[in-house]
Amino acid sequence: MWLFFGADAVKKAEAMSFDEFLTSKKIDADRFRLAEPQHYAEWKRIFAQMHPESFTAQKKFLLNDTRRKYLIR
36 MWLFFGADAV KKAEAMSFDE FLTSKKIDAD RFRLAEPQHY AEWKRIFAQM
86 HPESFTAQKK FLLNDTRRKY LIR
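Going by the numbering used here, the letters in the sequence shown line up with residues 36 to 108, in that order.
Keep in mind that the hints are not guaranteed to be accurate.
[Unchecked claim] Listed below are the simulated DSS-like cross-link pairs for lysine-lysine, each with C-alpha atoms no more than 25 Å apart in a straight line:
#, residue 1, residue 2
1, Lys-104, Lys-60
2, Lys-94, Lys-60
3, Lys-95, Lys-61
4, Lys-94, Lys-104
5, Lys-95, Lys-79
6, Lys-60, Lys-95
7, Lys-61, Lys-79
8, Lys-104, Lys-61
9, Lys-104, Lys-79
10, Lys-94, Lys-79
11, Lys-94, Lys-61
12, Lys-60, Lys-79
In case anyone wonders, no lab produced these hints; they're calculated from the structure.
Between the sequences and the hints, there should be enough to build the whole structure, so can you do that?
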């Protein structure tokens, strides 16, 4: 099955910042950045090099662990 996305959806995904991505995953970016600055910086660098969906697929289980620690309240 093929899924087609409109150009607007692709542009929106490409323009998403790392903090916006974390918020979309219900992760408090500020708490994560302050508690684990090296981990945050590493993920931000990797995120800048790939599509958000690819980042999610690559970090799926790590994102879940991070969400549990820094859940947006």
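Hint check:
1. Lys-104 <-> Lys-60: holds (13 Å)
2. Lys-94 <-> Lys-60: Between Lys-94 and Lys-60 the Cα gap is close to 12 Å, so the pair holds against 25 Å.
3. Lys-95 <-> Lys-61: holds (13 Å)
4. Lys-94 <-> Lys-104: holds (15 Å)
5. Lys-95 <-> Lys-79: holds (15 Å)
6. Lys-60 <-> Lys-95: Between Lys-60 and Lys-95 the Cα gap is close to 10 Å, so the pair holds against 25 Å.
7. Lys-61 <-> Lys-79: Satisfied, since the Cα-Cα distance of roughly 16 Å is no more than 25 Å.
8. Lys-104 <-> Lys-61: holds (11 Å)
9. Lys-104 <-> Lys-79: With a Cα-Cα distance of about 18 Å, the restraint between Lys-104 and Lys-79 holds, given a limit of 25 Å.
10. Lys-94 <-> Lys-79: holds (12 Å)
11. Lys-94 <-> Lys-61: holds (15 Å)
12. Lys-60 <-> Lys-79: holds (14 Å)
Going down the numbered hints, you'll see the structure goes against none, and every one checks out.
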